[in-house]
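> Residue strings, one per chain:
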Amino acid sequence: DGGITQSPKYLFRKEGQNVTLSCEQNLNHDAMYWYRQDPGQGLRLIYYSQIVNDFQKGDIAEGYSVSREKKESFPLTVTSAQKNPTAFYLCASSISAGFTDTQYFGPGTRLTVL
Amino acid sequence: GNSVTQMEGPVTLSEEAFLTINCTYTATGYPSLFWYVQYPGEGLQLLLKATKADDKGSNKGFEATYRKETTSFHLEKGSVQVSDSAVYFCALSGTNDYKLSFGAGTTVTVRA
Chain A
39 DGGITQSPKY
49 LFRKEGQNVT
59 LSCEQNLNHD
69 AMYWYRQDPG
79 QGLRLIYYSQ
89 IVNDFQKGDI
99 AEGYSVSREK
109 KESFPLTVTS
119 AQKNPTAFYL
129 CASSISAGFT
139 DTQYFGPGTR
149 LTVL
Chain B
248 GNSVTQMEGP
258 VTLSEEAFLT
268 INCTYTATGY
278 PSLFWYVQYP
288 GEGLQLLLKA
298 TKADDKGSNK
308 GFEATYRKET
318 TSFHLEKGSV
328 QVSDSAVYFC
338 ALSGTNDYKL
348 SFGAGTTVTV
358 RA
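Sequences listed follow chains A and B, in order. Residues 39 to 152, numbered by our numbering, are exactly what the first sequence covers, in order. Residues 248 to 359, numbered by our numbering, are exactly what the second sequence covers, in order.
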């Protein structure tokens with residue numbers, strides 16, 4: 039089955055530690071995205087990538103980093119510089135970055151900073 | 248910039264009731280409009296979409312019509328079921344954007 043996988047589902051981190059969230063897709067999509075979801079709010083874009091070896095900052099990129107070395111993978115690192123990292127993180131992909139293209143979402147990773 | 252405003256929840260309904268969730272948007276040009284649904288503890292699933300004015304998206308008994316004149320994309324379902332309990336997000340993708348701009352989400356609970 040084609041889809042997007044995110045791991046782990048739950049992640050706990052101590053303050054001051056970096057942590058990397060995994061996102062893999064086997065849909066052969068060119069574009070991938072990371073969003074953050076906080077309670078009672080819509081999703082906010084952290085980073086996006088239109089193609090391999092290229093990525094752009096979204097609305098709330100501070101304290102985060104990404105890489106796109108392979109088409110199917112777009113890992114997100116939450117660094118110790120992110121002041122309020124506890125949130126639900128969602129990865130998405132679309133066939134291209136066109137505005138009519140549907141974005142498909144993974145199941146999410148819930149990060150809790152202790 | 249682009250923005251989406253959707254009806255605040257929570258909304259609680261009885262089974263077989265009519266559901267409507269209002270969504271209005273601000274954007275330049277002709278954005279694409281989407282409704283996503285999120286079940287507890289899960290990611291978002293596309294419910295329906297419309298990419299040009301007067302288009303109607305429909306899926307699983309839900310419908311929404313892209314109204315350019317009122318900048319709206321209201322979601323409706325004629326007879327809800329308990330399984331429709333979820334959070335519903337309205338979103339848009341602008342012609343110059345690569346991202347989705349989301350509303351805050353509306354929590355819907357359907358009671359048997």
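Calculated from the structure, these hints are not laboratory results. Virtual Cβ for every residue (Gly too), placed ideally from N, Cα, C. Keep in mind that the hints are not guaranteed to be accurate.
Said to hold, decoys possible - Here are the computed lysine-lysine pairs in the DSBU-like style, where the Cα-Cα straight-line distance is at most 35 Å: (1) Lys108/A to Lys121/A; (2) Lys315/B to Lys108/A; (3) Lys315/B to Lys52/A; (4) Lys299/B to Lys108/A; (5) Lys315/B to Lys299/B; (6) Lys109/A to Lys121/A; (7) Lys307/B to Lys47/A; (8) Lys315/B to Lys95/A; (9) Lys315/B to Lys47/A; (10) Lys52/A to Lys307/B; (11) Lys52/A to Lys303/B; (12) Lys95/A to Lys121/A; (13) Lys52/A to Lys121/A; (14) Lys52/A to Lys108/A.
As the list claims (entries may be wrong) - Which residues of chain A face chain B? A partial, calculated answer using Cβ under 10 Å: (15) Phe50; (16) Glu53; (17) Glu62; (18) Gly80; (19) Leu81; (20) Arg82; (21) Gly101; (22) Pro113; (23) Ser118; (24) Asn122; (25) Phe143.
> Lys315/B and Lys95/A were given as a pair; does the straight-line alpha-carbon distance stay at or below 35 Å?
Given that 35 Å is the threshold and the Cα spacing comes to 30 Å, the pair holds.
> What's the verdict on Lys315/B and Lys47/A, does the C-alpha distance respect the 35 Å limit or exceed it?
violated, 39 Å
> Lys307/B and Lys47/A were given as a pair; does the straight-line alpha-carbon distance stay at or below 35 Å?
holds, 28 Å
> Can you confirm whether the C-alpha distance between Lys315/B and Lys52/A stays at or below 35 Å?
Not OK: Lys315/B and Lys52/A at ~48 Å, beyond 35 Å, violated.
> If you draw a straight line from the CA of Lys52/A to the CA of Lys303/B, is it 35 Å or shorter?
violated, 48 Å
> With 10 Å as the cut and Cβ atoms as the points, is Gly80/A at the interface with chain B?
Check passed: Cβ of Gly80/A comes within 3 Å of chain B, closer than 10 Å.
> Hint validation: Asn122/A versus chain B, beta carbon distance must be below 10 Å. Holds or violated?
violated, 18 Å
> Is the interface hint for Phe143/A satisfied, with its Cβ closer than 10 Å to some Cβ of chain B?
Result: holds, 4 Å to nearest chain B Cβ.
> Take the C-alpha atoms of Lys315/B and Lys299/B, compute the straight-line distance between them, and say whether it is at most 35 Å.
holds, 9 Å
> Between Lys52/A and Lys121/A, is the straight-line Cα distance small enough, at 35 Å or below?
holds, 13 Å
> Between Lys109/A and Lys121/A, is the straight-line Cα distance small enough, at 35 Å or below?
Status holds; Cα separation ~30 Å.
> Holds or violated: Arg82/A as interface residue toward chain B, Cβ cutoff 10 Å?
holds, 8 Å
In this structure, the hints that do not hold are numbers 2, 3, 9, 10, 11, 15, 16, 17, 21, 22, 23, 24, in rising order.
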